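Can you build the whole structure from these sequences, using the hints too?
There are 2 protein chains.
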Amino acid sequence: VSQVTIVGLGLIGGSIAKGLAARNLKGLEIHGYDRDFAIARNAEKLGVIATGHRDLQSAVANASLVVIATPVTGIAEVLDEIAPHVRAEAIVTDTGSSKGEVHRWAARALPESISFIGGHPMAGREEQGFANSSPTLFEGAAWCICPTPSADEQSINTVLGMIALLGGNPIFIDPDEHDQYVAAISHIPLLLATSLFNMCRRSIAWEDMSLLAASGFKDATRLASGDALMARDIFLTNPEGVSHWIDRIIEELRGAKELLGKSPEEIFNYFAEAKVERDIFIQTAPTRRAQRVIEDMPSGREEVMRMFMGTWMMEKAKELPQQMRSKPQDEDLREKLGLNREGVEKKG
Amino acid sequence: VSQVTIVGLGLIGGSIAKGLAARNLKGLEIHGYDRDFAIARNAEKLGVIATGHRDLQSAVANASLVVIATPVTGIAEVLDEIAPHVRAEAIVTDTGSSKGEVHRWAARALPESISFIGGHPMAGREEQGFANSSPTLFEGAAWCICPTPSADEQSINTVLGMIALLGGNPIFIDPDEHDQYVAAISHIPLLLATSLFNMCRRSIAWEDMSLLAASGFKDATRLASGDALMARDIFLTNPEGVSHWIDRIIEELRGAKELLGKSPEEIFNYFAEAKVERDIFIQTAPTRRAQRVIEDMPSGREEVMRMFMGTWMMEKAKELPQQMRSKPQDEDLREKLGLNREGVEKKG
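First to last, the sequence lines map onto chains A and B. Our numbering numbers the first residue of the first sequence as 236 and each following residue consecutively. Our numbering numbers the first residue of the second sequence as 236 and each following residue consecutively.
Some clues are possibly wrong.
In this list, chains with the same sequence are indistinguishable; a pair is considered to hold if it fits within one copy or across any two.
Claimed, not checked - Each computed EDC-like pair below joins lysine to aspartate or glutamate, with the alpha-carbon atoms no more than 16 Å apart:
no., residue 1, residue 2
1, K280, E361
2, K492, E475
3, K453, E501
4, K280, E264
5, K453, D514
6, K510, D454
7, K510, E362
8, K510, D462
9, K280, E412
The hints are simulated quantities; they were obtained by calculation from the structure and are not laboratory data. Computed from a prediction, not measured in an experiment: that's the story for all the values here.
Okay, here's the thing in structure tokens:
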């Protein structure tokens, strides 16, 4: 019997638990811990987890795989607390939205025998908490994984197996590179929504201005109504990424302001080019991904199955959706990141 | 018989035509003109308009009300072209997204006898054109109206009547004030979406970064896939508004960057305050409007009916939804704008 322990049963942790539970895999026991024991007990009652633990130490003591799904600033503490209690050969992963800082915490807290493989599923929704979690939250979603250089193939495949079971698309990425990318595509949008709302709200004309605010303004500021703790944690754990891209977006806005003195043609081209490029992105991105997945499938599926949870997984894999694979998305990216996974690649 | 002529049968013009046609009002003839005659002919075939005109001059020659719903930079030309042909007592309105410039064009082009009442419905959708127009596009939407100081009560009520028939909420506003407000709540969001997309797209890391881009990024850049001509026109006709608010949003972003060195509490408060304020805005704004409408109804309904289209309107009004009224939304706003509509207010 293999035990997976999920620490933190909020939207993400709850969705992982529900997604794995929905597979109904024999030989896999899902355990859970939440700071609020009532949530763990409720998840147990609902049959989402086999056991809800009252304390973190007992929750992880027998786990083969520990998934830390707490708010990102809570991860350091969890790592410190579990380090003396996890099994020597355990695998630890997380779902935090910053990865560089988390990897530094893990290196400091965990014994060398333990494989830490940082993770970040690119999925979520506005409503937080276990009540809003869903077994299908990760279907089709990118899931960043950042193995430490010392992580062995088996451990990486274990995490890949979990992601595959949840329907996610794994993307291998360096932790610091991850932080720069998500700052641009995820943290800056949050900041723009908040800044836009604050700018208008703090204007002396807000009372009148707000009467004109249509669905466009509401959409554009939607992210400002998100979880303030999560936003705070992004700022605390990814300051370099956020700082860099604030400078870049200010540059873009300055460039846009200079447009105001340009010819109608130049102004039109500015917006038309963005429109064309975005339309291409929206239309081609999913296709590109799907194509790669299919190319990777024959070897990928075999690879993923060589994991500690046993050969029953090999059978189960035949029921899995197409998106499972173990290869990084991009040869260049893998090389660029200097991650050595030659063994994984060549066995297929 | 009263004739309304709609110039430009795109998303907005088409929706106005369909909305009025859906009322099936006897005594009202809807005429249409589009640069592309095939569109006007098609609208006529569909029964949306009574007559589709081949030339602009004949389209407006007998109109009591002319609605210019072309792209905003086309309005100057339309005004010049119709000025010698509209009836002396005609009312002219428009739907352009900038109002200061349009009012200056109208003052230059139109004879003094003609009442120009600028308008801007705060409604739209991504898909443009007559094919995407809808009779319900304006239901519940704010509709800015900017009467010239010389516009008489009857003319204002005519435009209010049209807005009421379409289900819109009229908001009286000064043209330059309008331009500042919509720059903040509508033009800057468009620019932020475009700048965010360009920032990422132009990054050397885009190839890898785009793999992580989830629905959040797609939502945040959605407006960048809008109509580039409309975006250009905003820049051309509202440069002061756009310029002012670019400076303001850059200030906000600089402030947010300074947060990075602050305490966890300060960072949390920044996001939590925005969240609370936005939640209040989202929850209370519609209520506040509905309440005012009901207060205004008894006099408002009577007022709106005193329009040139005849007393049949008085009867039709009884079928109209609650949102009809003729009073400005806000006493202070009206005073602030220095618009004298005492007569309108006191007759009810």
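Verification of the supplied hints:
1. For a Cα distance limit of 16 Å, the shortest separation of K280 from E361 qualifies neither inside one copy, at 26 Å, nor across copies, at 46 Å.
2. Taking identical chains as interchangeable, the C-alpha atoms of K492 and E475 lie at most 16 Å apart only when they sit on different chains, with a minimum of 10 Å there against 26 Å within one chain.
3. Taking identical chains as interchangeable, the C-alpha atoms of K453 and E501 are never at most 16 Å apart, the minima being 30 Å within one chain and 25 Å between chains.
4. Taking the shortest alpha-carbon separations for K280 and E264, only the intra-copy value of 15 Å comes in at or below 16 Å, while the best inter-copy value is 67 Å.
5. When the C-alpha separation of K453 and D514 is checked against a cutoff of 16 Å, the pair qualifies only between copies, where the shortest distance is 10 Å, while the shortest distance within a copy is 23 Å.
6. With identical chains, the CA atoms of K510 and D454 are at most 16 Å apart between copies only, with a shortest distance of 14 Å across copies and 19 Å within one.
7. In this assembly of identical chains, K510 and E362 lie within 16 Å of each other by CA distance solely across copies; the values are 13 Å between and 30 Å within a copy.
8. Taking the closest pair of Cα atoms, K510 and D462 come within 16 Å of each other only across two copies (8 Å); inside a single copy the shortest separation is 30 Å, beyond that limit.
9. Neither within a single protomer nor between protomers do K280 and E412 lie at most 16 Å apart by alpha-carbon distance, with minima of 41 Å and 58 Å respectively.
Hints 1, 3 and 9 from the earlier list are contradicted by this structure; the remaining hints agree with it.
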